[in-house]
Amino acid sequence: MLHKRNPQLNAHGELIHLLSIEGLPREVLTGILDTAGTFLSVNDREVKKVPLLRGKSVFNLFFENSTRTRTTFEIAAKRLSADVINLDIARSSTAKGESLLDTIANLSAMHADMFVVRHGESGAPYLIAQHCAPHVHVVNAGDGRHAHPTQGLLDMYTIRHYKRDFTQLTVAIVGDIVHSRVARSDIHALTTLGVPEIRAVGPKTLVPGDLGAMGVRVCHDMADGIRDADVVIMLRLQNERMSGAMLPSAAEFSMNYGLTPDKLALARPDVIVMHPGPINRGVEIASAVADGTHSVILPQVSFGIAVRMAVMSIIAGNEA
Amino acid sequence: MSDLTLDAEALYRELLAGVRDLWRPGMVLLGIWSGGAWLAERLHADLGLAGRPGLISSTLHRDDFQARGLAGGTDATRIPYPVDGADILLVDDVLFTGRTIRAVLNELFDFGRPERVTLAVLVDRGGRELPIQAVLAAARITLPASQRLTLARTEQGSFTFSLRESG
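Read top to bottom, the protein sequences are chains A and B. Quick note on my numbering: the first sequence kicks off at 150 and runs consecutively. Quick note on my numbering: the second sequence kicks off at -11 and runs consecutively.
In case anyone wonders, no lab produced these hints; they're calculated from the structure. Errors might be hidden in some of the hints.
[To be verified] Some chain B residues close to chain A (C-beta under 10 Å, calculated; not the full set):
#1 47
#2 49
#3 50
#4 53
#5 56
#6 57
#7 66
#8 71
#9 75
#10 84
#11 93
#12 94
#13 95
[Unchecked claim] Here are the simulated distance ranges between beta carbons:
#14 B:154 <-> A:162: 13 to 23 Å
#15 B:39 <-> A:448: 45 to 55 Å
#16 B:119 <-> A:162: 34 to 44 Å
#17 B:144 <-> A:364: 40 to 50 Å
#18 B:138 <-> A:314: 26 to 36 Å
#19 A:162 <-> B:66: 27 to 37 Å
#20 B:35 <-> A:258: 51 to 61 Å
#21 B:36 <-> A:197: 31 to 41 Å
#22 A:162 <-> B:152: 18 to 28 Å
#23 B:138 <-> A:179: 55 to 65 Å
#24 B:75 <-> A:179: 33 to 43 Å
#25 B:52 <-> A:162: 28 to 38 Å
Using N, Cα and C, we set each Cβ at its ideal position, and we do this for glycine too.
If we strip away everything but chain B, and leave its shape as in the complex, we get (with noise of 0.2 Å):
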């Protein structure tokens, strides 16, 4: 561990203040899996919105599909809504090189073309490999490549980062 803390539960707060200033009629939820899941899922709670947030998964855009595999996990895509025509606030814990952003973004496309994507996320860490940027970050911070971000929940829903050198 570093000498680093981040209090995952204060960034939230920061988050959904953000999240509420930008936030348009229509707008819709997508959460990348597995934190910007969690973070969509307590967002729509906390915004008091109907129905259910959307949960994309990169898996099958990923560029380092050779070096990794299937690696990723396999949970699905699952857009409850429309995607041709959304406006959709794009959510995720930590945003590092963009690679994943843009195996997102691949992943979003064949589901339709959404009239906007804004992107929201809880740590910009830095360390940027393609022109990918946040609208929304509750904390921005530069990590050394080798360490690695992690957001995790607890069984009561309480948010904690993890820092840890990448092995």
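If we strip away everything but chain A, and leave its shape as in the complex, we get (with noise of 0.2 Å):
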């Protein structure tokens, strides 16, 4: 059998690009948060800056639209004194015709250090950092519905920083997660750092029927989903990515899946509950939880930058 090695690896095993969670070893991913708890405590600091990419040009192509994401990638990157270039690509060269390795190869030349990418192809990233030269490295910012791998690594420091061992957990994911890149990362993620039991949550049509082959129970009941979780993570329903009608409504949706205080009553009293934003206030999780105190949607955008500046000061340290 011919075994390929992963390409987010060099030949000692060390992060050269992030463009997926499955298939990197734990020590991989318990590093990345470890630097970043370091990073963390930058921004305690009279001089919130550190001078490791300094000199480094750092291009945010974003073919799919995301001001949160890329505005946090862009903090990390001048956190760590980087020269950030962001490119709408949506609204330029592809516009004109250009082709993916043709863009790339153009920005090469301009003396690009790291891309962040953000595309709708599941594997673009893939494909980037197989024809980019071996001083560039790659980082994957969502790649269509395939992986979102720094979004599943804050979600893994919001969980280790709130409940520390990840070996006894319940983590419940719940909503739309078959059009859910963070999902799938979340998962690998969970998996690889030990957490017992993981829990998909949602209809049918939104709950793809492969979960279980990864060690997921999938449960369309939102109680027994919830019951007994140490944590809960609400997707947002993606009304751009659906098509076809797979929801009656999103007032029907919000009736059997959406987040209300009296449904988290049914989890743990110590529950905490996580969303990748931005949040549709009243439709995947109400107002009372969002803004309750088992919530932790703005440490996970703080975290976000932390995390974001170690996989960056981590893969620009190492050579292909």
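Could you fit the two chains together into a complex? Lean on the hints.
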């Protein structure tokens, strides 16, 4: 059988690109989380900047719009002293017919050191990583329905921050799982870090059938899904990705699967509620929960910057 | 191992005596991760100081980041006193090229502007590549650049030195 090396790792097993959490060893994941802890404390300093990427150019290539994710990557790169170039690719060269690899070749000729890529097609960041120069590093900021590894990592950082140990937890992921690259990245990360019970909760049309094979318990009943959970991760109902009649209506979804204080009372008393944002208040999550004492949605955003700083500094310090 | 034997405990007693001599009222300790932090903790106890000593890491300001990445450990700097106006005794186990001290000084200034920084080390092994000197060194020796001298701490808290050829 032919074994291909994981394209994210060099011959020494060190991370050189971050494309997906799938296939990354536990030590690599915990190394990123430990490093993120260091960067979180940078926010407490008088000078909130460290020189690790001084003189390096980070290109944010967003073929899909995402103000929030792009901004957190931009802040992270700037805190590491990199020069950041934001390219609104969706409205520029691709629209003029340039191929993805031609775009990358042109940007490489502008001496890029790192590409942060969001693309509607699954696998696009892999293609870029395979074709860019050896000194260039690639971070996947979300590709199609496939992966969103930095969101997965910041979710793990958040869980570890509040719960310390992964090996006793029950984690429920609720909502539009079929369209969610966040759910896939979370499931791979939770599995690698040793979470014994992962539940995917939602209607049959939004919870893919192959999840059982990933070691996930599928629950179509909300009460079953969140009972005694330590962590509830709510996903956004992705209206813009919804093609065909997958749901009778958002109102019906909200009634059955929207997280309200009543439903949350079924979870453990110290449950934390997470959401990758942006939240649809009154659809997948009630305001009373989003703003309530169990919610860690805003800390997730702060942790996201530290986690992205960790990822960028780790891959920039390793050679292909 | 070479023929050289360094009694780390005896050197620590000399360091402690030297620190007592140069100690000024209001001074604070800052140990460099990891060996210097152990020394600072023990000095802190032996000097009968209140509170906790500071701990500082060179990781985020190292000049060999491109070659080594973040290999130097990720222990964050923790300074439990205001840096602005502080009279700091910076402590490390081994002073060699001076590059760690340079990185640590950059790190320190990200937290404020100290009044004064004085450097004390257990061993100055020569081989400086930057204009940095320790005011106090319990031993001054010369070692070949190929050798690596590191401090270790036993579970009981006593110090030992190991000397190896660097790979």
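Output the numbers, in ascending order, of every earlier hint that fails for this structure.
9, 10, 11, 15, 23 and 25
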